[in-house]
Amino acid sequence: MDYENSDKLSDPMLYYLLQRMYVFCILENVKGNIDMNREVFENYKMLLEKDLFNLDQTTVLSMLDFRIILSSALKNNEFEWAVNFINEKINLLKGELRYNVRHYAYAVLMFYKNNYSEALEHISRIKSEAHPITLDIYILKLKIFYKLGHYDSAVSVGDSFRHYISGNKLLSDFHKITLINFLKYFKLIIRLTLTPGKAKLVKLLSEIDSSNYTKEKKWLTGITRDLVNSI
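Per my numbering, residue 7 is the first one in the sequence shown, and the count goes up by one each step.
No lab work stands behind these hints, which were simulated from the structure alone.
Hints are supplied without guarantee of correctness; some may be wrong.
[To be verified] Below, in silico cross-link-like pairs of lysine-lysine (PhoX-like), each with a Cα-Cα straight-line distance of 25 angstroms or less:
| no. | residue 1 | residue 2 |
| --- | --- | --- |
| 1 | Lys-224 | Lys-153 |
| 2 | Lys-81 | Lys-190 |
| 3 | Lys-206 | Lys-153 |
| 4 | Lys-224 | Lys-193 |
| 5 | Lys-81 | Lys-224 |
| 6 | Lys-56 | Lys-95 |
| 7 | Lys-149 | Lys-182 |
| 8 | Lys-153 | Lys-193 |
| 9 | Lys-190 | Lys-206 |
| 10 | Lys-206 | Lys-149 |
| 11 | Lys-51 | Lys-95 |
| 12 | Lys-224 | Lys-149 |
| 13 | Lys-190 | Lys-149 |
| 14 | Lys-224 | Lys-51 |
| 15 | Lys-133 | Lys-119 |
| 16 | Lys-119 | Lys-95 |
| 17 | Lys-204 | Lys-224 |
| 18 | Lys-100 | Lys-51 |
| 19 | Lys-182 | Lys-81 |
| 20 | Lys-206 | Lys-224 |
| 21 | Lys-175 | Lys-100 |
| 22 | Lys-100 | Lys-56 |
| 23 | Lys-133 | Lys-193 |
| 24 | Lys-175 | Lys-190 |
| 25 | Lys-153 | Lys-119 |
| 26 | Lys-81 | Lys-119 |
| 27 | Lys-51 | Lys-81 |
| 28 | Lys-193 | Lys-209 |
| 29 | Lys-149 | Lys-119 |
| 30 | Lys-175 | Lys-153 |
| 31 | Lys-182 | Lys-224 |
| 32 | Lys-153 | Lys-190 |
| 33 | Lys-56 | Lys-81 |
| 34 | Lys-149 | Lys-100 |
| 35 | Lys-81 | Lys-193 |
| 36 | Lys-133 | Lys-100 |
| 37 | Lys-175 | Lys-81 |
| 38 | Lys-81 | Lys-95 |
| 39 | Lys-206 | Lys-193 |
| 40 | Lys-149 | Lys-81 |
Throw the hints in and build the complete structure from the sequences for me.
If you want it as structure tokens, here you go:
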């Protein structure tokens with residue numbers, strides 16, 4: 007979308023177009039076709055700057071929007087912006103969510119800043135989890151334990167996560183596929199981290215890179231490429 011011409015559109019039309027663009031970007035990300043996190047971030051940034059969320063006089067930010075805005079900012083290394091977003095917009099969430107979501111948000115922030123111990127500390131302070139946060143925390147723990155080299159803990163969390171996915175009636179079949187694919191590749195990465203072989207890693211990297219419907223595909227590709235380059 008041409009953001010330079012956005013001032014020529016009415017607020018309702020701009021909101022409509024940004025939402026349509028957002029849906030397209032999210033679907034492409036989920037499919038693993040192309041990384042569109044920068045576009046997602048810029049769309050949401052404009053929605054917030056122009057206060058387009060309040061067109062219908064709504065003063066509440068949905069949990070879905072909060073998570074995606076935070077994730078897209080951090081994946082683009084917009085750390086200062088993310089901190090301001092957490093502190094300024096947390097009150098737009100429903101009151102009962104704010105305490106837990108604040109710790110969740112700072113856990114994700116600390117992960118992206120490579121402060122894994124502090125990320126785990128924030129996770130430990132979460133008293134209860136809403137459904138979307140539960141998925142995020144499982145994935146976050148897996149990534150943290152991998153980075154810390156706690157592979158046994160990562161495998162254990164992965165097994166628990168697989169049971170959670172298979173028994174969760176709130177998840178669509180599509181989302182279950184993306185998560186199961188993530189766990190499949192994550193388990194293979196751990197195996198090849200412990201017993202590395204360049205040919206097997208190159209094959210795995212190619213498989214992940216060409217895969218569709220894989221959650222956290224960019225992260226999986228990145229750590230697999232690092233393993234290939236370390237041999």
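Status of the hints after comparison with the structure:
Distance restraint check for Lys-224 and Lys-153: the Cα-Cα separation of roughly 15 angstroms lies within the 25 angstroms cut-off, and the hinted pair is therefore satisfied. The hinted pair formed by Lys-81 and Lys-190 meets the criterion: a straight-line CA distance of about 23 angstroms does not exceed 25 angstroms. Of the supplied pair hints, the one linking Lys-206 and Lys-153 holds, its CA atoms being roughly 21 angstroms apart against a limit of 25 angstroms. For the hint linking Lys-224 to Lys-193, the alpha-carbon distance of about 16 angstroms falls within 25 angstroms, and the restraint holds.
This hinted pair checks out: Lys-81 and Lys-224 have alpha carbons roughly 10 angstroms apart, not beyond 25 angstroms. For the suggested pair Lys-56 and Lys-95, the alpha carbons sit about 14 angstroms apart, so the restraint of at most 25 angstroms is met. At roughly 19 angstroms between alpha-carbon atoms, Lys-149 and Lys-182 fall within 25 angstroms of each other, so this suggested pair holds. Between the alpha carbons of Lys-153 and Lys-193 the distance comes to roughly 14 angstroms, so the proposed pair stays at or under 25 angstroms and holds.
For the given pair, Lys-190 sits about 15 angstroms from Lys-206 by alpha-carbon distance, which is consistent with the 25 angstroms threshold. A threshold of 25 angstroms between alpha carbons decides the hint, and for Lys-206 with Lys-149 the separation of about 21 angstroms falls inside it, so the pair holds. Restraint check: the Cα-Cα separation between Lys-51 and Lys-95 comes to about 12 angstroms, which is no more than 25 angstroms; the hinted pair holds. Of the supplied pair hints, the one linking Lys-224 and Lys-149 holds, its CA atoms being roughly 13 angstroms apart against a limit of 25 angstroms.
At most 25 angstroms may separate the alpha-carbon atoms for a hinted pair to count; Lys-190 and Lys-149 meet this at roughly 14 angstroms. Taken as a hint, the Lys-224 and Lys-51 pair is honoured in the structure, with Cα atoms around 22 angstroms apart against an allowance of 25 angstroms. Taking the CA atoms of Lys-133 and Lys-119, the gap is near 24 angstroms; set against the 25 angstroms cutoff, the hint holds. Under the criterion of a C-alpha separation no larger than 25 angstroms, the hint pairing Lys-119 with Lys-95 is consistent with the structure, at around 21 angstroms.
Straight-line distance between C-alpha atoms of Lys-204 and Lys-224 comes to about 20 angstroms, which keeps the hinted pair within the 25 angstroms bound. Our distance criterion of 25 angstroms between C-alpha atoms is met by Lys-100 and Lys-51, whose separation comes to about 21 angstroms. Note on Lys-182 and Lys-81: the hinted pairing holds, with a Cα-Cα distance of about 23 angstroms set against a maximum of 25 angstroms. Distance restraint check for Lys-206 and Lys-224: the Cα-Cα separation of roughly 19 angstroms lies within the 25 angstroms cut-off, and the hinted pair is therefore satisfied.
Using a Cα cut-off of 25 angstroms, the hinted pair Lys-175 and Lys-100 holds, with the two alpha carbons roughly 24 angstroms apart. Of the supplied pair hints, the one linking Lys-100 and Lys-56 holds, its CA atoms being roughly 22 angstroms apart against a limit of 25 angstroms. Distance restraint check for Lys-133 and Lys-193: the Cα-Cα separation of roughly 28 angstroms exceeds the 25 angstroms cut-off, and the hinted pair is therefore not satisfied. Between the alpha carbons of Lys-175 and Lys-190 the distance comes to roughly 21 angstroms, so the proposed pair stays at or under 25 angstroms and holds.
Simply put, Lys-153 and Lys-119 have alpha-carbon atoms about 12 angstroms apart, close enough for the 25 angstroms limit, and the pair holds. With a CA separation close to 11 angstroms, the supplied pair Lys-81 and Lys-119 stays within the 25 angstroms bound. Restraint check for Lys-51 and Lys-81: satisfied, since their Cα atoms lie roughly 14 angstroms apart, inside the 25 angstroms limit. Straight-line distance between C-alpha atoms of Lys-193 and Lys-209 comes to about 15 angstroms, which keeps the hinted pair within the 25 angstroms bound.
Taken as a hint, the Lys-149 and Lys-119 pair is honoured in the structure, with Cα atoms around 13 angstroms apart against an allowance of 25 angstroms. Taken as a hint, the Lys-175 and Lys-153 pair is broken in the structure, with Cα atoms around 31 angstroms apart against an allowance of 25 angstroms. For the given pair, Lys-182 sits about 18 angstroms from Lys-224 by alpha-carbon distance, which is consistent with the 25 angstroms threshold. This hinted pair checks out: Lys-153 and Lys-190 have alpha carbons roughly 18 angstroms apart, not beyond 25 angstroms.
Pair hint Lys-56 plus Lys-81 holds up; C-alpha atoms about 22 angstroms apart against a cutoff of 25 angstroms. A threshold of 25 angstroms between alpha carbons decides the hint, and for Lys-149 with Lys-100 the separation of about 28 angstroms lies outside it, so the pair is violated. Under the criterion of a C-alpha separation no larger than 25 angstroms, the hint pairing Lys-81 with Lys-193 is consistent with the structure, at around 23 angstroms. With a C-alpha separation of about 16 angstroms, the suggested pair Lys-133 and Lys-100 falls inside the 25 angstroms cut-off, and the hint holds.
Between the alpha carbons of Lys-175 and Lys-81 the distance comes to roughly 29 angstroms, so the proposed pair goes past 25 angstroms and is violated. Using a Cα cut-off of 25 angstroms, the hinted pair Lys-81 and Lys-95 holds, with the two alpha carbons roughly 19 angstroms apart. For the hint pairing Lys-206 with Lys-193, the CA-to-CA distance comes to about 14 angstroms; that is within 25 angstroms, so the pair holds. Distance restraint check for Lys-149 and Lys-81: the Cα-Cα separation of roughly 14 angstroms lies within the 25 angstroms cut-off, and the hinted pair is therefore satisfied.
The structure is inconsistent with the numbered hints 23, 30, 34 and 37, although it conforms to all the rest.
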